[in-house]
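Engineer: Given only the sequences and the hints, what does the whole structure look like? Please build it.
These protein sequence lines are chains L and P, in that order.
Start counting the first sequence at 1; every next residue gets the next number (this note's numbering).
Start counting the second sequence at 246; every next residue gets the next number (this note's numbering).
By construction, these hints were calculated from the structure, which means they are not laboratory data.
Beta carbons are placed, not taken as given, at the ideal position from N, Cα and C, and that holds for glycine.
Be aware that a few hints might be false.
What the hints assert, rightly or not - Computed far set for chain L versus chain P, every beta-carbon distance over 12 Å:
#, residue
1, Arg77
2, Arg101
3, Pro172
4, Ala184
5, Leu192
6, Ala195
7, Trp233
8, Leu234
Unchecked claim - Derived DEER-like restraints, expressed as beta-carbon distance ranges:
#, chain 1, residue 1, chain 2, residue 2, range
9, L, Gln133, P, Cys341, 49 to 57 Å
10, P, Ser298, L, Ser223, 47 to 55 Å
11, P, Ala300, L, Gly113, 21 to 29 Å
As the list claims (entries may be wrong) - Covered stretches of chain P (chain L as the covering partner; in silico rule of three or more C-beta atoms under 8 Å from a C-beta of chain L):
#, segment
12, 278-288
13, 311-323
14, 334-341
15, 354-361
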Amino acid sequence: MCGTCGCDTITASSEVGQEVPIPRQRRRLELERSLLSRNDARAQHNRSRFQSLGLLSLNLLSAPGSGKTALLEQLARRWPQRPIAVVVGDLATDNDARRLRACGARAVQIHTGSLCHLEADLVARAIRRLPLQGVNLLVIENVGNLVCPAAFDLGEQLRLVVLAVGEGEDKPLKYPALFRSADAVLLNKIDLESATGFNRQRALANLRGIAPRAAVFPVSARSGQGLEAVVDWLMAQRPRHAAHP
Amino acid sequence: MHELALMAELQRLAEAALRQQGAQRIHRLRLRLGAVAGVDGEALRLAFAVLVSQATDHSPWRGAVLDLETIQARCFCSNCEQPFSPSDVIHACPRCGQLASRLLAGRELELASLEVS
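Structural biologist: So, in structure tokens, the structure goes:
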């Protein structure tokens with residue numbers, strides 16, 4: 001800024017101490033850069049890495065309390081022959097990683113602090129702490145949130161969204177960006193269906209409207225009902241996404 | 246509030262372009278925001294206002310203005326093989342009723358241009 005009057009002109013001192021104004025030209029730069037490009041590039045890097053390790057990678061998303069960790073406990077116990085690897089994102093505490101390790105999973109916790117979603121870079125750093133030899137399934141359990149994580153690719157091959165009965169049949173309509181990105185939706189807590197007066201048909205119709213191609217699995221993380229179908233579906237997805245078995 | 250994280254990325258991109266150009270001030274930014282990007286325009290404006298309000302006299306951000314351009318959703322019906330503009334959160338084709346799973350536009354989140362000096 002000009003030292004004399006505050007106008008939009010920078011000044012440079014000449015040898016004799018006089019200020020010579022240099023006009024600053026206002027110009028327009030066409031950038032056309034996505035605000036997600038840096039995250040997307042890192043996500044792509046993660047994806048290549050997962051593929052070369054022969055991993056099927058999942059991004060598991062839901063509102064807080066829909067049963068993501070309970071579902072993973074079931075999955076860890078049922079996954080054939082090998083342990084599953086899990087990256088768990090939470091604002092604080094190691095509770096989820098501890099629960100998953102108790103079920104035989106290899107788990108690392110990411111503390112996001114105040115960050116409401118995971119980003120590809122956080123996942124890349126967490127993976128370094130995770131022993132992946134002999135593993136063929138990696139699940140990234142996102143922060144419980146139906147809004148913010150939708151825009152951030154983590155390098156996953158498939159997105160699984162959990163909707164629990166009792167959250168309301170219109171959740172997919174209220175959070176379309178997240179549900180639209182789902183490859184599969186797990187309708188959890190079906191053991192509570194009658195107690196909560198949940199209308200499954202209406203929920204599925206809403207879900208179909210938003211995500212017509214998503215696979216849908218009614219499950220109960222508590223009883224294990226419906227989990228075998230999820231395991232079978234995931235096993236069938238593996239050859240398409242992993243470089244080698 | 247992932248809009249804060251996105252604003253930090255906008256700041257990084259804009260300042261990198263500023264340095265590259267040898268410019269000192271950012272006057273105006275144009276951001277293209279898709280209607281179904283899952284990003285709230287008002288929250289972005291708020292995050293931008295915080296950025297500018299904290300700018301000191303020497304900051305390139307002092308007095309900077311944000312222009313938000315909203316891009317409406319545009320779908321493609323694979324049955325009719327035609328694009329259409331959805332009128333509802335459910336992207337049903339107005340001709341045949343089939344649900345579209347292909348989005349042609351509406352997910353943009355781009356720093357389109359920058360006015361600097």
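Engineer: With reference to the structure, classify each hint as holding or not holding.
Structural biologist: Hint-by-hint comparison with the structure:
1. Arg77: Fine: 33 Å to the nearest Cβ keeps Arg77 of chain L off the interface.
2. Arg101: The claim stands: Arg101 of chain L keeps its Cβ more than 12 Å from every Cβ of chain P (closest is about 29 Å).
3. Pro172: It is violated; Pro172 of chain L is separated from chain P by about 9 Å at its closest Cβ, not greater than 12 Å.
4. Ala184: Answer for Ala184 of chain L: holds, closest chain P Cβ roughly 14 Å.
5. Leu192: Non-interface label stands for Leu192 of chain L: nearest chain P Cβ at 27 Å, farther than 12 Å.
6. Ala195: Since the minimum Cβ distance to chain P is about 29 Å, Ala195 of chain L lies beyond 12 Å and the statement holds.
7. Trp233: Given a closest Cβ separation of 19 Å, the condition holds.
8. Leu234: holds (21 Å)
9. L:Gln133 - P:Cys341: 49 to 57 Å: holds (51 Å)
10. P:Ser298 - L:Ser223: 47 to 55 Å: holds (53 Å)
11. P:Ala300 - L:Gly113: 21 to 29 Å: holds (25 Å)
12. 278-288: Since three or more residues must qualify, the claim that chain L covers the segment 278-288 of chain P holds, with 4 doing so at under 8 Å.
13. 311-323: violated (count 0)
14. 334-341: holds (count 3)
15. 354-361: Our answer is that it holds, as 8 residues pass the Cβ test (under 8 Å) against chain L, meeting three.
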